[in-house]
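**Q** Letter by letter, the chains look like this.
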Amino acid sequence: MATTTTTRINEWDTIHQNGPFPSQVMYETTLAKNKGDKIKRYNDASVEIQRLLDVCVRDGVGFRAMGSGWSLSNIAHHHERMHNNSAMNIHIPIQDKNLHPSTSFLSENLFMFQCGNTIKEVSRHLANNGKSLKASGTNNGQTIVGAVSTGVHGSAIDVGSVQDCIVGIHLIIGPGPNDLVYIERQSEPALSDAFATSINCRVIRDDGLFNSAIVGLGSFGFVMGLVLEAEDQYLLKRYVRKINKIDALQLATSFTFAQSNFKIPIEVDSNGEGKRPYHYKLYVNPYNENEDFVVEIIYKHPYDTDYPDPRPNVKAFLFSDLPGLIANIAAKYKRLIPAIINALKANIFPELDKDTTGTIGQLFSDGVAEGKVFAWAFGVKQEDTVRSLNLFNLIVNRLGPVPGAIGIRFVKAARATLAFTQFPVTCVLEMDGLQWQGNANMRTMQEIETAIIRDFIKEGIEFSWHWGKNADWGYPGLLNYMYKSKVDTWKEHRKQLLSPVMQKVFSNNFTETAGLTDSANILPQPVIV
Amino acid sequence: MKKINLLLILGLTMAIQSCYSVRISCKDCIPEKVAVMQGDGFYRDKKAHRIKVTQKLSFINSTPTQFAPDSAACPNGFYSIEYKTNLGHVLLSGITLGRIRRVNVIYICNKETN
Numbered sequence: 001m002a003t004t005t006t007t008r009i010n011e012w013d014t015i016h017q018n019g020p021f022p023s024q025v026m027y028e029t030t031l032a033k034n035k036g037d038k039i040k041r042y043n044d045a046s047v048e049i050q051r052l053l054d055v056c057v058r059d060g061v062g063f064r065a066m067g068s069g070w071s072l073s074n075i076a077h078h079h080e081r082m083h084n085n086s087a088m089n090i091h092i093p094i095q096d097k098n099l100h101p102s103t104s105f106l107s108e109n110l111f112m113f114q115c116g117n118t119i120k121e122v123s124r125h126l127a128n129n130g131k132s133l134k135a136s137g138t139n140n141g142q143t144i145v146g147a148v149s150t151g152v153h154g155s156a157i158d159v160g161s162v163q164d165c166i167v168g169i170h171l172i173i174g175p176g177p178n179d180l181v182y183i184e185r186q187s188e189p190a191l192s193d194a195f196a197t198s199i200n201c202r203v204i205r206d207d208g209l210f211n212s213a214i215v216g217l218g219s220f221g222f223v224m225g226l227v228l229e230a231e232d233q234y235l236l237k238r239y240v241r242k243i244n245k246i247d248a249l250q251l252a253t254s255f256t257f258a259q260s261n262f263k264i265p266i267e268v269d270s271n272g273e274g275k276r277p278y279h280y281k282l283y284v285n286p287y288n289e290n291e292d293f294v295v296e297i298i299y300k301h302p303y304d305t306d307y308p309d310p311r312p313n314v315k316a317f318l319f320s321d322l323p324g325l326i327a328n329i330a331a332k333y334k335r336l337i338p339a340i341i342n343a344l345k346a347n348i349f350p351e352l353d354k355d356t357t358g359t360i361g362q363l364f365s366d367g368v369a370e371g372k373v374f375a376w377a378f379g380v381k382q383e384d385t386v387r388s389l390n391l392f393n394l395i396v397n398r399l400g401p402v403p404g405a406i407g408i409r410f411v412k413a414a415r416a417t418l419a420f421t422q423f424p425v426t427c428v429l430e431m432d433g434l435q436w437q438g439n440a441n442m443r444t445m446q447e448i449e450t451a452i453i454r455d456f457i458k459e460g461i462e463f464s465w466h467w468g469k470n471a472d473w474g475y476p477g478l479l480n481y482m483y484k485s486k487v488d489t490w491k492e493h494r495k496q497l498l499s500p501v502m503q504k505v506f507s508n509n510f511t512e513t514a515g516l517t518d519s520a521n522i523l524p525q526p527v528i529v
Numbered sequence: 001m002k003k004i005n006l007l008l009i010l011g012l013t014m015a016i017q018s019c020y021s022v023r024i025s026c027k028d029c030i031p032e033k034v035a036v037m038q039g040d041g042f043y044r045d046k047k048a049h050r051i052k053v054t055q056k057l058s059f060i061n062s063t064p065t066q067f068a069p070d071s072a073a074c075p076n077g078f079y080s081i082e083y084k085t086n087l088g089h090v091l092l093s094g095i096t097l098g099r100i101r102r103v104n105v106i107y108i109c110n111k112e113t114n
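For the record, the sequence lines run as chains A and B. The first sequence begins at 1 in the numbering used here and counts up one residue at a time. The second sequence begins at 1 in the numbering used here and counts up one residue at a time.
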C-alpha cells in the first residue's frame, strides 16, 4: 500500500528562493511497491491521499500539494501542511475500450499521468510512444499538475498553453466515499464512465466546471491525475537572429510572416513567402533603446531521426550564469545595472545564428536555477504589444533600473476560466532577473511590481498576470480588473464542487491575498464521519 | 622576500589546481528530488548522497575499481555522479606514492518510473 512520511519543518522555499515561507509539516507519499496492476496502485494512492485529507479535516488545518516548487511566489505553499507527490508518477495507457462512445479523441493520443510526473517524464513517456506534447514551458522540471494548475505557457502561437491539451481531470475533493471525481468537458467527452468507475470516481461532465478546475491554482482539490491529448512526434527547428525593431514589432502585432522583410531563407513556401512559425519570441535589452531585438523563431517539421542532439547547445533564459553577487552590486550601485546587462548580453540572450533542431522535450530541456531569481510575466492583447512594451520599458527604467532583461512571447488563447493567456492572442511580457533588496538609492522589487500594476491600470491597458510569477497579488481590485466576471464564475464553480470545510482546507495565504478565497467567511459545517 | 612570495603564489596555484570536481549526468534521466530545498545550484532540489571514498591499493593491484557507490544504492540507476578532490587528497596520494586515493563523491539516483 502507499505510505506517507511526515516531516516536521519550520519553513519551505521555492526552487528560485522566493521565500522562505513558514510551514509546519511536509507529507511525502510513496506508491505501493508491488509493481503490476497500475490501476490498483493508482487507486491505492487515492486512498492514502484521502486518509491525509481526513487527518487534516479532523485537525482543522489546511493542506496543499506542491509540485516542483517552481512558481516564484507562495502559491504552492501552505503554512500548515504541505504534500510532496513527486513519487506518485504512474502513467496509465488509454485503450479503445476506455473511450467514451461519443468521443472524437483517438485512444493512441490519450495518456493519463498521475500528479507527480514532471514535464520531462511526460515528454519521455510520450516520445517512447512516438508522441509529443503540443506545448511546453521553457523548462521541463515542473510537474504536469503544477504546470497546468498555474497556466504554464510556451510561445506556441497557434497551440496555447500546457493546460490546453488536458481533456480530463481526476480530483480528490475530500475524505469521503463520494469525493473522488473525474471531470471532463460535456462538449468533448474523452473517457467512458466505466474507466472513471475503475479509478473509483464519479463522473462530472460540465464545460464550465472543467474550465474553472483546470487552472485551479491548487484550490479545487487534490489533482490526482490528468488525461492529456498528445500528437504525433514532430521536430522543431530553432533559429536565433537579430531583427530590426520595426520588423520585429510589425510581426509581433500582426503575425504577417508571409509579407515580412524578415525571413529565414529555408523556411519559405513555394512562393518564397515566409512560413508561419510555431513559436515567436523577442528578447529586448531595456537599457539600450537603439539596439535591435534578438528573435527566437521556431518552425515545426515532421519527425525524423537524422539530427544531432541539440541539448548541449540549448541554453535556458534563466540567468543561471550570473552570480548573486552581481545583484548585490547592482542594488548598491544601480547606475551600473544597464552596463552590467549590456556587458552580459551574451550570457542573458541566446546565442545568435546557432540553429538547433530537436523535439519539444529536447529544446525545452533541463534548466539549472542558480541564485535568487525573480520573474514577472503578464499577458496583454496582441494589438497592445507596442504600447505595453513602451510602458513596461519606461517603468523599469524610471523606477529601476531592474537587474534583468525583457522577453516577449505570444500564445493562443486558453479556454480555462482563469487562464492568464485569455486574449485571442496573448502577448506575454516578461522580465527575469536576480532579486535585489531595496535601499536609499533603489526601489524595492515589490514597489516596482506595484507600480507596474498601477500604471497599466492607469493607462487602461488590459492585462492578466501569470499565476506562477512574482506580483503584488494583494493590489486592491487586481483580480476583478484582470478577469472581471470570470473571477465570480471560478469561485462559484469551486463552491459547487467543494464542501465548506474542504474550501478552507484547499485555501492558502496566496489565494486569500489574491481574493480568490475567503476562509474567514466560510460557514463551518459538521464533519460527517 | 621575493622568493617567499613566489613560493606562496606557486603554492596557492597548486592548491587551487588540485581542487577540482567532475560531474557526469544522464541527460534523459529524471533525478530524485527533495521537497524541502536547501543550498543553491544543481543540488538545490535534488536528493544528493554524499560519501567519502578512500581507495587503498596494494602493490599488486594498482587499479582503482570502486570509486562509484554500489549500484544497490540507486536501484533505478544513477542520475549523476560528481567527484571532488582537494589539496589534502592530492598530498595524501603523493605522500603514499599513489597507494591511498581519496575523493569526495556526490551522487543522485534516478527517480523510479511507474
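Since the hints were derived computationally from the structure, they do not count as laboratory data. Mixed in with the good hints there might be a few duds.
[Said to hold, decoys possible] Distance condition first, Cα-Cα at most 20 angstroms in a straight line; then the derived SDA-like pairs of lysine to any residue: (1) A:242 x A:40; (2) B:47 x A:462; (3) B:47 x A:8; (4) A:33 x B:13; (5) A:40 x B:113; (6) A:300 x A:276; (7) A:300 x A:271.
[Said to hold, decoys possible] Rough simulated footprint, nothing fancy, chain A against chain B, three-plus residues with beta-carbon under 8 angstroms: (8) 35 to 45; (9) 76 to 85; (10) 102 to 111.
Positions of the beta carbon are idealized from the N, C-alpha and C atoms, including for glycine.
**Q** For each hint, tell me whether it holds in the structure or not.
**A** Do the hints match the structure? See the list:
1. Restraint check: the Cα-Cα separation between residue 242 of chain A and residue 40 of chain A comes to about 54 angstroms, which exceeds 20 angstroms; the hinted pair is violated.
2. For the hint linking residue 47 of chain B to residue 462 of chain A, the alpha-carbon distance of about 43 angstroms lies beyond 20 angstroms, and the restraint is violated.
3. Simply put, residue 47 of chain B and residue 8 of chain A have alpha-carbon atoms about 18 angstroms apart, close enough for the 20 angstroms limit, and the pair holds.
4. Distance hint between residue 33 of chain A and residue 13 of chain B is unfulfilled; the C-alpha atoms sit about 52 angstroms from each other, more than 20 angstroms.
5. For the hint pairing residue 40 of chain A with residue 113 of chain B, the CA-to-CA distance comes to about 16 angstroms; that is within 20 angstroms, so the pair holds.
6. In summary, the hint linking residue 300 of chain A to residue 276 of chain A is supported, as the alpha carbons are separated by about 9 angstroms, within the 20 angstroms threshold.
7. Between residue 300 of chain A and residue 271 of chain A the alpha-carbon distance is near 19 angstroms, which keeps this suggested pair within the 20 angstroms criterion.
8. Check result for the stretch 35 to 45 of chain B against chain A: holds, 8 residues qualifying (beta carbon to beta carbon below 8 angstroms, three or more required).
9. Interface restraint, the stretch 76 to 85 of chain B with chain A: violated (0 residues with C-beta to C-beta distance below 8 angstroms; minimum three).
10. Given a C-beta distance limit of less than 8 angstroms, the hint that chain A covers the stretch 102 to 111 of chain B is violated, as 1 residues qualify and 3 are needed.
Going through the hint list in order, the structure does not satisfy hints 1, 2, 4, 9 and 10.
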